[in-house]
Amino acid sequence: MGKTKKYSLEIGGQTLKIEIGKLAGQANGAVTAQLGDTVVLATAVISKNQKVGADYMPLVVDYEEKFYARGKILGSRFLRREGRPSEEAILNARLIDRAIRPLFNQSVRNEIQIVSTILSVDEKNDPDVVAMIASSIALVISDIPWNGPIAAVRIGRIDSKWILNPSFEERKAGIADLVISVSPDLKINMIEAGGSEITEEDLIAGFEFAEKPLKDIIEFSKTIADEFNTPKASVVLEITDGELEEVVNKFLSKDKALETAIYEKKKGQRLMNLDILKEELMAHIAKTDLPAEVLTKAGESKIKTAEALFEKEIDKMVHKNILESDLRPDGRKLDQLRDLSTEIGFLPRTHGSGLFERGETQVLSALTLGAPSDEQIVEGMVISTKKHFMHQYNFPPYSVGETGRVGAPGRREIGHGALAEKALEPMIPKKEEFPYAIRVVSEVLSSNGSSSMASTCASTLALMDGGVPIKKPVAGIAMGLISDGKNIHKILTDIQGPEDHYGDMDFKVAGTRDGVTALQMDVKINGVDVETLEKALVQAKKARLEILDHMVKTIAEPKKELSPLAPRIITMEVHPDKIREVIGPGGKVINDIIAKTGAAIDIEDSGLVFITALSEKSGLEAKTMIEEIVKEYKIGDIVAGKVTQILDFGAIVEFGKRDGMIHISELAPYRVNKVTDIINVGDEVKVRIKRIEGGKISLSLKDAADRK
Numbered sequence: 001m002g003k004t005k006k007y008s009l010e011i012g013g014q015t016l017k018i019e020i021g022k023l024a025g026q027a028n029g030a031v032t033a034q035l036g037d038t039v040v041l042a043t044a045v046i047s048k049n050q051k052v053g054a055d056y057m058p059l060v061v062d063y064e065e066k067f068y069a070r071g072k073i074l075g076s077r078f079l080r081r082e083g084r085p086s087e088e089a090i091l092n093a094r095l096i097d098r099a100i101r102p103l104f105n106q107s108v109r110n111e112i113q114i115v116s117t118i119l120s121v122d123e124k125n126d127p128d129v130v131a132m133i134a135s136s137i138a139l140v141i142s143d144i145p146w147n148g149p150i151a152a153v154r155i156g157r158i159d160s161k162w163i164l165n166p167s168f169e170e171r172k173a174g175i176a177d178l179v180i181s182v183s184p185d186l187k188i189n190m191i192e193a194g195g196s197e198i199t200e201e202d203l204i205a206g207f208e209f210a211e212k213p214l215k216d217i218i219e220f221s222k223t224i225a226d227e228f229n230t231p232k233a234s235v236v237l238e239i240t241d242g243e244l245e246e247v248v249n250k251f252l253s254k255d256k257a258l259e260t261a262i263y264e265k266k267k268g269q270r271l272m273n274l275d276i277l278k279e280e281l282m283a284h285i286a287k288t289d290l291p292a293e294v295l296t297k298a299g300e301s302k303i304k305t306a307e308a309l310f311e312k313e314i315d316k317m318v319h320k321n322i323l324e325s326d327l328r329p330d331g332r333k334l335d336q337l338r339d340l341s342t343e344i345g346f347l348p349r350t351h352g353s354g355l356f357e358r359g360e361t362q363v364l365s366a367l368t369l370g371a372p373s374d375e376q377i378v379e380g381m382v383i384s385t386k387k388h389f390m391h392q393y394n395f396p397p398y399s400v401g402e403t404g405r406v407g408a409p410g411r412r413e414i415g416h417g418a419l420a421e422k423a424l425e426p427m428i429p430k431k432e433e434f435p436y437a438i439r440v441v442s443e444v445l446s447s448n449g450s451s452s453m454a455s456t457c458a459s460t461l462a463l464m465d466g467g468v469p470i471k472k473p474v475a476g477i478a479m480g481l482i483s484d485g486k487n488i489h490k491i492l493t494d495i496q497g498p499e500d501h502y503g504d505m506d507f508k509v510a511g512t513r514d515g516v517t518a519l520q521m522d523v524k525i526n527g528v529d530v531e532t533l534e535k536a537l538v539q540a541k542k543a544r545l546e547i548l549d550h551m552v553k554t555i556a557e558p559k560k561e562l563s564p565l566a567p568r569i570i571t572m573e574v575h576p577d578k579i580r581e582v583i584g585p586g587g588k589v590i591n592d593i594i595a596k597t598g599a600a601i602d603i604e605d606s607g608l609v610f611i612t613a614l615s616e617k618s619g620l621e622a623k624t625m626i627e628e629i630v631k632e633y634k635i636g637d638i639v640a641g642k643v644t645q646i647l648d649f650g651a652i653v654e655f656g657k658r659d660g661m662i663h664i665s666e667l668a669p670y671r672v673n674k675v676t677d678i679i680n681v682g683d684e685v686k687v688r689i690k691r692i693e694g695g696k697i698s699l700s701l702k703d704a705a706d707r708k
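In case it helps, full-length UniProt numbering puts the sequence shown at residues 1 to 708.
It is worth saying that the hints were derived from the structure and are not from the lab.
Keep in mind that a hint or two might mislead.
[Claimed, not checked] No more than 30 Å apart at the CA atoms, straight line, and that leaves these computed lysine-lysine pairs for DSS-like: (1) K430 / K124; (2) K265 / K524; (3) K596 / K524; (4) K578 / K386.
All values derive from a computational prediction rather than experimental measurement.
Generate coordinates for the entire structure from the input sequences, incorporating the hints supplied.
Rendered as structure tokens:
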């Protein structure tokens, strides 16, 4: 065991503690980070050999939730252990990945794995940001080539003020929740944000508020890195074949072959052009008079080098033409949207549907309304709750003209679904106002950029088509950036195709007319300054308003009536003490109501009852039955009932869902020798309540005004 080193930094009134050398000694880099009682172990490992056949930088980021960290025993009934990553774990892994990935040399072909293991969690400090900082420090103290560190903070907006490191309760009470990370030069390289109509001005103020703590974390991390000063491994795969590069450049520039192939409005035609051009390039290379060793050296890798050079030339051309001439591949202006199309009621049997198209991106969203019992149970390490609004996103391979796996959603689909859900959630009515479980599914039918923001628009249409009383329509747009790496930055509205793939930023902005509800930013460069982000937000607002203007022409507000195919929910309240009576022993009473009416019944501890039925008639029947059960009777009330049992000393009468006993002396104003002389099983009678003692009710037939 090596020597343990400890470091600390004050952040937002708390101490971030870093410990190195105590745990996970065989990893290339390992750091234990603690904030409050939240403890995260972050490890960084690189494989010794390159990944065979890889034409990408093979980085994997995992976020491991451990139930013991919160003192919980979870899992299935038969397997009490962690299983697949939760949605929260996947989103947090993506958060780390998006912040650190831009700072790797993209030519690395050795597999790199970052694992954040949550060892302890308190009720205030979310492990996600702690894991981001720990992962960064694990990388900078390792021998893995990386151009970090990064710094990350969470800020929240409460009572018109930005606060640092808000607790779970403060985040719930606030109107904005932002996670921001920066590169070593303090440029913003990742944003994840959600809120309730935050103005662009407030967002910029938030970015500026975060600058000081971010700078402190960068300097803190650099100090640790300098102290370790670990030599970096030589694993970078560079394209250094000058002769081959010259051949590629000369061929692609002849007759503007590459420019002609790229500058095509239709995605399919553009891809076909590039495929043909690439084949012609490879054939040309085979015929050149390059030395034999240049063509045969490393075999297949030489082909990959040529393909990489081809991609590099596309990147250069897209950048050059936009930076110098504002020329986009499809000919649009920098701030111009693609053609829009919106439609509702597209599906005949769903509870609501919306079809949204922007250029060649097409998304169909379908709404389903369900009973409160259909809510999603979220069992987290810190917070266990229920979600009455769910948005899910599917991205089948045919949407980009490819074959591939279909089935369970991947990380990207989960991330895009969560982003659209975050954008829509502030506009969803509270459960008290609209008690339905709401599920919206977005199917990406065709994709050419910004499908997650298109799903936000399509889902807004579906919600309004289905009569869900959302507060305001929500729209989203993806903004891009082309930069010269120095001072020139061109902001693009509604990125697609090559702009998405070769551009330097993907900045998704969603919101209403009055403010932003969700932000997500990723970059492929070191980062972006606040001034550039401010311009992007202003340009995004212009586009968002234009999209909303188009959407409201199709449907301006939610329909007044739910779909006739949607279930009906009737809400009522019972005294909490009466819940047991409604449920009955072993659920006998409530199951009887469900069987007779076909309604679903959900009862909360407060006594709030939700009756969900396919028709209003069956819902009202269930309500009437419950009202009879919980009805408060008082002495002197006359009730109608049926004789259910004859005893030697009286009879049992059922009224509503209660029963009481008539003593033989209460059957008539004279002496009765035999109960059946007066009443028999099945007789319908009116009786007066004489006494109520300990839940038992005594009845009188003789005191009732009208007996039989």
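Would the hint linking K265 and K524 be met if the CA-CA limit is 30 Å?
OK: K265 and K524 at ~24 Å, within 30 Å.
Could you grab the alpha-carbon distance between K596 and K524 and see if it respects the 30 Å cut-off?
61 Å, violated
For the pair supplied as a hint, K430 and K124, is the alpha-carbon distance within the 30 Å limit?
25 Å, holds
Within a Cα-Cα threshold of 30 Å, do K578 and K386 meet the stated pairing?
25 Å, holds
Consistency note: the structure conflicts with earlier hint 3 alone.
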